[in-house]
Each structure stands twice: as C-alpha cells, then as structure tokens.
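Chemist: Protein chains in written order, with my numbering: chain C, 246 to 664; chain A, 246 to 664.
Treat each hint with caution, since some may be false.
Copies of the same chain look alike in the list, so a pair counts if it works inside one copy or between any two.
List time: in silico BS3-like cross-link candidates among lysine-lysine, alpha-carbon distance up to 27 Å [stated by the list, open to error]:
hint, residue 1, residue 2
1, K609, K518
2, K641, K343
3, K303, K609
4, K518, K422
5, K518, K504
6, K641, K422
Hint data in this document are derived by calculation from the structure and do not stem from the laboratory.
2 protein chains.
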Amino acid sequence: MSSAVSPLAPTEVPDMPVIGGVRLATAAAGIRYKGRTDVLLAIMDKGTNAAGVFTQSKCPSAPVEWCRAQLKGAGSSKGGLARALVVNSGNANAFTGKTGRQATTLTASIAAKAVGCKPNEVFLASTGVIGEPLDASKFDGVLGTLADSAAPADWMGAARAIMTTDTFPKVATATVKLGKAKVTINGMAKGAGMIAPDMATMLSFVFTDAPLSSAVLQALLKSGVQDTFNALTIDSDTSTSDTLLAFATGTAAAAGAPKITRAGDPRLKAFTKAFRAVLADLAEQVARDGEGARKLVEVIVEGATTNISARRIAMSIANSPLVKTAIAGEDANWGRVVMAVGKAGEPANRDKLSISFNGIRVAKSGARDPSYNEAEVSEAMKAPKIQIKVALGLGKGRDRVLTCDLTKEYVAINGDYRS
Amino acid sequence: MSSAVSPLAPTEVPDMPVIGGVRLATAAAGIRYKGRTDVLLAIMDKGTNAAGVFTQSKCPSAPVEWCRAQLKGAGSSKGGLARALVVNSGNANAFTGKTGRQATTLTASIAAKAVGCKPNEVFLASTGVIGEPLDASKFDGVLGTLADSAAPADWMGAARAIMTTDTFPKVATATVKLGKAKVTINGMAKGAGMIAPDMATMLSFVFTDAPLSSAVLQALLKSGVQDTFNALTIDSDTSTSDTLLAFATGTAAAAGAPKITRAGDPRLKAFTKAFRAVLADLAEQVARDGEGARKLVEVIVEGATTNISARRIAMSIANSPLVKTAIAGEDANWGRVVMAVGKAGEPANRDKLSISFNGIRVAKSGARDPSYNEAEVSEAMKAPKIQIKVALGLGKGRDRVLTCDLTKEYVAINGDYRS
Numbered sequence: 246m247s248s249a250v251s252p253l254a255p256t257e258v259p260d261m262p263v264i265g266g267v268r269l270a271t272a273a274a275g276i277r278y279k280g281r282t283d284v285l286l287a288i289m290d291k292g293t294n295a296a297g298v299f300t301q302s303k304c305p306s307a308p309v310e311w312c313r314a315q316l317k318g319a320g321s322s323k324g325g326l327a328r329a330l331v332v333n334s335g336n337a338n339a340f341t342g343k344t345g346r347q348a349t350t351l352t353a354s355i356a357a358k359a360v361g362c363k364p365n366e367v368f369l370a371s372t373g374v375i376g377e378p379l380d381a382s383k384f385d386g387v388l389g390t391l392a393d394s395a396a397p398a399d400w401m402g403a404a405r406a407i408m409t410t411d412t413f414p415k416v417a418t419a420t421v422k423l424g425k426a427k428v429t430i431n432g433m434a435k436g437a438g439m440i441a442p443d444m445a446t447m448l449s450f451v452f453t454d455a456p457l458s459s460a461v462l463q464a465l466l467k468s469g470v471q472d473t474f475n476a477l478t479i480d481s482d483t484s485t486s487d488t489l490l491a492f493a494t495g496t497a498a499a500a501g502a503p504k505i506t507r508a509g510d511p512r513l514k515a516f517t518k519a520f521r522a523v524l525a526d527l528a529e530q531v532a533r534d535g536e537g538a539r540k541l542v543e544v545i546v547e548g549a550t551t552n553i554s555a556r557r558i559a560m561s562i563a564n565s566p567l568v569k570t571a572i573a574g575e576d577a578n579w580g581r582v583v584m585a586v587g588k589a590g591e592p593a594n595r596d597k598l599s600i601s602f603n604g605i606r607v608a609k610s611g612a613r614d615p616s617y618n619e620a621e622v623s624e625a626m627k628a629p630k631i632q633i634k635v636a637l638g639l640g641k642g643r644d645r646v647l648t649c650d651l652t653k654e655y656v657a658i659n660g661d662y663r664s
Numbered sequence: 246m247s248s249a250v251s252p253l254a255p256t257e258v259p260d261m262p263v264i265g266g267v268r269l270a271t272a273a274a275g276i277r278y279k280g281r282t283d284v285l286l287a288i289m290d291k292g293t294n295a296a297g298v299f300t301q302s303k304c305p306s307a308p309v310e311w312c313r314a315q316l317k318g319a320g321s322s323k324g325g326l327a328r329a330l331v332v333n334s335g336n337a338n339a340f341t342g343k344t345g346r347q348a349t350t351l352t353a354s355i356a357a358k359a360v361g362c363k364p365n366e367v368f369l370a371s372t373g374v375i376g377e378p379l380d381a382s383k384f385d386g387v388l389g390t391l392a393d394s395a396a397p398a399d400w401m402g403a404a405r406a407i408m409t410t411d412t413f414p415k416v417a418t419a420t421v422k423l424g425k426a427k428v429t430i431n432g433m434a435k436g437a438g439m440i441a442p443d444m445a446t447m448l449s450f451v452f453t454d455a456p457l458s459s460a461v462l463q464a465l466l467k468s469g470v471q472d473t474f475n476a477l478t479i480d481s482d483t484s485t486s487d488t489l490l491a492f493a494t495g496t497a498a499a500a501g502a503p504k505i506t507r508a509g510d511p512r513l514k515a516f517t518k519a520f521r522a523v524l525a526d527l528a529e530q531v532a533r534d535g536e537g538a539r540k541l542v543e544v545i546v547e548g549a550t551t552n553i554s555a556r557r558i559a560m561s562i563a564n565s566p567l568v569k570t571a572i573a574g575e576d577a578n579w580g581r582v583v584m585a586v587g588k589a590g591e592p593a594n595r596d597k598l599s600i601s602f603n604g605i606r607v608a609k610s611g612a613r614d615p616s617y618n619e620a621e622v623s624e625a626m627k628a629p630k631i632q633i634k635v636a637l638g639l640g641k642g643r644d645r646v647l648t649c650d651l652t653k654e655y656v657a658i659n660g661d662y663r664s
C-alpha cells in the first residue's frame, strides 16, 4: 500500500467544531491493519434522525443491507432513528454470505449493549477487503470501552480510523443559520479506489445538530449527491459497500432552531446550500486522494442536447483509461477526448466539437485549433489540476464531474492489495 | 513505446498461402515512424467484392466515413466493388476536420491512378495518433512504386506495416472446401490499445478467393464479429477508426467454386465456420498483444438470465481496472469479480454466485468456497492464461469475452504515446 500522502491533499485542514449530541471514539481492534485505529464508534443523543444513500450494486455488502433495513421506516415514527454508528476498516464484510449477516447482527447487538439502545438504532459500515469473513467478536469489549471514552472533539481521529488506501483523512465542515440559530454540519469520508458514481459513494458520514426529520435528511442526501459524490469517478468501479449516512441530532432546537419536517421548507435554503458544499468538499477530497493520483481532473461538458447526455459524455471521458493515462503523462491528447466523446453513444457532431485544457482551446470545429501552440499547452499540463472542457455545440446541456489521472502507482496499489 | 514482444505472442506463425487475385506491397513513407514500413497497398483483381463493419463511435475517422460511403451501394451492382486497399499506420486521420476528408479523397485518387481503377473502388484505413493532419501527399509516388512491385506472397510484411503499439504482426489463415473447390481465407489485424467492443474492431482485413457477393460477405462479417472482435476488450476505449474489411476476389470460381449470392446458402456452412475461426484467431491475438499485457484473460459468464445479460456482466468484469490489476498481481481476488458483477446492473443474486479461476472454485453460494486453498489458487494464478468463470445460477444465458491484465506497462505506453 502507498503510504506517502497524495500531492493533491488539501493544504489546509479545517478546525472541526463540536456537534451537539455527537460523541466519537476510535480504537485499534486489529481487524487487518497493525499499529493504527480501525474502528470508529459515533454515539448520538436520543432523538437523532438518520437517512442514507447506498451503492447501486446488485451484490451489496451485509452492512449496506443492514442499514437499508433500519431505514425502511424512515419518515414514519417507526424508523430512521439512530443512536450509534459503528465503522470498521480493513474488512468490508461483503460477499461473506450468511456469516456476513450474522456479523452485522452481532456487531449491532454488541454496540446496542455498549451504548444502551436498540440494535435497530445502530448503523453499520465496513470497508476493506471483500470476500473474507469479518470476525465481529473482535468488537466485543472494544465497543464497551469506546462507549465509555467517547467525546465530542476528535473528528480527524474519526476520519483517520475509517481509512483504507486513503493517504489522508477527509473532513469538511460548515456553519449556517437555521431560523435565527447557528447550526453546524460536519462530514467525513474515505475513498481512494473502487469509486464510481450511480450510488452514494464509498463511506461518508455527515452529522448536524439541526432538528431535521429523517425525510428531510433523505431529500437533502438524494439531491445533494447528484452533483457531488455521483459526479465523481476514480476508476469506474462501483464498490459493494458505498454508504453515505446523515444524522441530525436536533440539539440546535434548544438554541431556537426550528424543527424542519418538510423538504420544501423555505427556511432550509441556506442549510441546503451548506450541506451540499460539505458533500462537494468531501467528494473533491476523494478525487484528490484517488489511488496513485498525481492530477485532479475536472471534466466539463457543455452544449450537449441535455444535462443527462452531458453527464454521460463527461463520465465517458472521466472513465477513459487512455484519457487518464494521457493526463498522467502531461499530454494534452485531445484525440483521446474525442474518442471518449464518440464512444459515449450520446449525440455528438465531430465537426462542431471544441476542446480546451485549462482554458487553452486546442481543438475547434472538429480539428486542431488554428492558434494551437504546443509549448503553451505542454506548460499548462504540468499543473496539478487539469480542467478538460468540451463544447459540443448542440444544445444547452451541461455537466461537471471530477476524477484523477491513471498512474503506475494505481496499478501498483491494486496489483497487490489483498495479499 | 514498448518494443519487447508480448510474452503472450503465439509461438507458431502460420504459413500464409497466396490468395488468387490479391497482391500486396509495403513501404516506409515516413508518416510518423522511422526505420519501418508504414504503408500497405493491397491490389485486388477486377470483380472483387467488399464488405465492412466499423466503429460505433459518434466521431468516426475520415477513412471510416470514406469506406462507409463506398459500401453504401454494396449488395446492388453499383457498390461494394474493390480494387485497392490502402492502409497507413502512424496517423489515424481522425478528428482532422475538412483536411481529413480532403486527405482521404486525395489518397484514393492517388491509389486509383496507381492501380488503374476508380477512386470509389479504393478502400482506406488509417491508424495511429488522432487529431493531427495526415499529409496525404506523402502517398504520391509511393503508391505508384508499390503498385508496380505488388506481389502475392508477403502477408507477414503486410501485417507488420499496419502495426502501431503492437509488438507482433497478427495473421491467420484457413483453407476450406466451397462446393468441390478449395478456397482460402487470409486475415490480418492490428490492435493493442483503445480496444473495446460494440464495433468491428481496430483494423483488420480478411481476404478470400471464394466467389461471394458483397451481401454475403457483409452477413458473414456481421455474424462473425459478435463472438470474436465484439467479445474483446483491452481497455474499454473504443477507437474512432475501428475497421474490419473483407474482400472476396472470386478467383476460386475458375477452380469450380460456386458463386454464392445468398447468406443462407447451405453450401456456405464450412466456409462460415472457417471464416469465424479466422476472426476468432485474430481477435485472440489482439488480446494477447493488449498494451502491457502479461496475462490473457478469458471471462466466462454462465447461468445469466439471457445471453445479452451474460455479455454485459462479462464485459463489466473484463473492463474493471480492479479485476485487471488483480490479475496482473496474480491475485485471485474474487471479491473484485463480485464487485464487477454487481455494478453491471444486470440480474444477479449475490448468494447464488460461484466463481472459479482456472477451474479452481474459490467462491460458492455467495461466500468463500469451503474447500478454498490459498496456496493452490496462488499457484494457478501464475499461468499466462487466466480463465475467470462466473456461474450466476439464474438461467441459461452464457457468454465469453477475452481481455488482458492491466499493468504498469499499459500506463507507461499510454502516458507518453503522443509526444
């Protein structure tokens, strides 16, 4: 595994404020890694509402199935209540058959006992190797100790405990007014590889003290992932464990924050924007920590027939190994971008295409730009962030997705991950 | 560019027989490469019929558009006649706008003059870098010399002239009875990267002396590519230049071969089988020469709800960077295979899945096989050919696709191809 921190890691790490009603603790349970934390327990006050979005994989992990089951009644008074979140890294508990289901049940019951809640108020997420049984008995004892030591402050430590091939912990925060009260949103994520859209994403957890119902949280997640986590791809591979959970403790109600139970509530406007900014921040950090990444790549497609068409073309570009290796080689290879546009199967007219790299137009009307200057473009390709902009010239459809380059390090990391 | 021959190259090269009515010549026109041939001229006798299948890219190259136009009347008496094929490597003449169209017109007119035919009897294919103008005036003179020197024998030389990042020339041959006469099928291909299905394939040309109409040839191609070139992927990227052309000179009619004008003609049975075998042979050679490939990978999916569903799942596995890097690392990482099944979006039931590597079952009923033996599987993964077999347990749908592993060499080759 790569240990050097990604050169694209954010240079400034935010101070993570405390969220009323949330306490965190981490431990080294020795699930797979040595000498590092690998279990996170988050304890939420009574009355915390939960929501989640999950992988679209037809073969989801046992923890994903567990969380889905707990959220079934979300929006009614019977479900979507959360008191604990248990996350382990090192083993995804995916493709583990009956043993996997037993491991989730056992983990939830151990956590429920430790926290003093019902098992169906416990949410679970696991990340790491697929196909190997998770020994949930390792949580016995550990979770009790964690429950005793849980404290509000260590968000970076929590983000660190859920890492796998990540090279840096990923956190984001926003503070915003809800009614006249100040409310806070804190998020963390882990990513790195096996990351493609059409899902929530790898693992990400967002907490707020705002008094929001499960249904409101669910609506915020659903609209929020569309242009953040779902507009992100590292390698086109979709994990069986992708999980994004949101928890609202509601403690800000004591400071006067209004209870919001309707997604369309106009008082939610600033909160929605801040919530989305936290998701966007975390998604970008995942792209910045793509396995082996040396360049952050932003693909913008405009002039498509529809926004959906623009998304498909942008994803075709962002998932193309040949585009991604060209970026790794600092080569403004617009021919490969044309190739990726062409294979997307969406309306495109070769002779109307324009393509820019970092604002320098290299191709226009289906051929090399007359003003093309190799030296200028080559210099621009040395930047750590590359924007590929494709103008199709057909309509008003527009989209943006994030990815990273494809380097030999990606192959090295993934050619010897399991053993 | 990599120069060492792929370790997966065939150890035996067939003796390529002469095809009546076909003469070949190659030259070094200095289009891009130094010290090697880069132009192939094939001259066919009068009365040769042609057919072709092409990339599904929405942004096809100028030569693809040229060939499509010449085949428009194929099947009628007005089109589908061929007297010459000009192939150049080093420049794909793709995404070159009006200049590209002018280059094809100019090349065809130079070739027509050299061969003594009409420009619409000239077929063109170009392969190499995309987006850079092709200077067709370089063919002036060269093609005249080639026409004078063209001879029936040098098929390997022809296959060599059309290579780009290929590490070995790809030829295949079959001899079969048509009626009571012996007829021959010779094929060549170039491949290596930017190879994905839903198309004909990169460049491949098949010649026969059998007296087949354009319509029959077209039908043979259409059905023939389905489980050969279309069941092949190197990197999921679809070239803008993919072209598979077939030419039937009909000279075997003199030896008594019947003229076939109907695709359903029962006399065509043995020929159809042999034709498909040539395509399958060439397609496998392309997989064996996948850029940076160290392992040939055969993915078999069975028990799917339909054959189409099996194809989609097989392609999802074959295109997964995480599966391909695991194979490169000789890691029987069945968890990633489950991931790729799950992301395909096709019917799958995690708990019914079985997965084998080279005949060793590693997963059964959605969990690790009880008889799993790490040492045995690790040993099997050292083989140069890896078969991944997935049994879905849902229905009778079955499919097979070929690919290769994803190595650091792929990234090296493509990270610095253009410059």
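Chemist: Determine for every hint whether it applies to the structure shown.
Modeler: Now the hints, each set against the structure:
1. K609 <-> K518: Answer is neither: 36 Å inside a copy and 46 Å across each miss the 27 Å cutoff.
2. K641 <-> K343: Result: close only across copies, 26 Å inter versus 49 Å intra.
3. K303 <-> K609: between (42 Å within a copy, 17 Å between copies)
4. K518 <-> K422: Answer is within: at 11 Å inside a copy they meet the 27 Å cutoff, but 73 Å across does not.
5. K518 <-> K504: So K518 and K504 pass the 27 Å test inside one copy only (18 Å; across, 72 Å).
6. K641 <-> K422: Intra 34 Å, inter 58 Å, cutoff 27 Å: neither.
When each numbered hint is compared with the structure, violations occur for hints 1 and 6.
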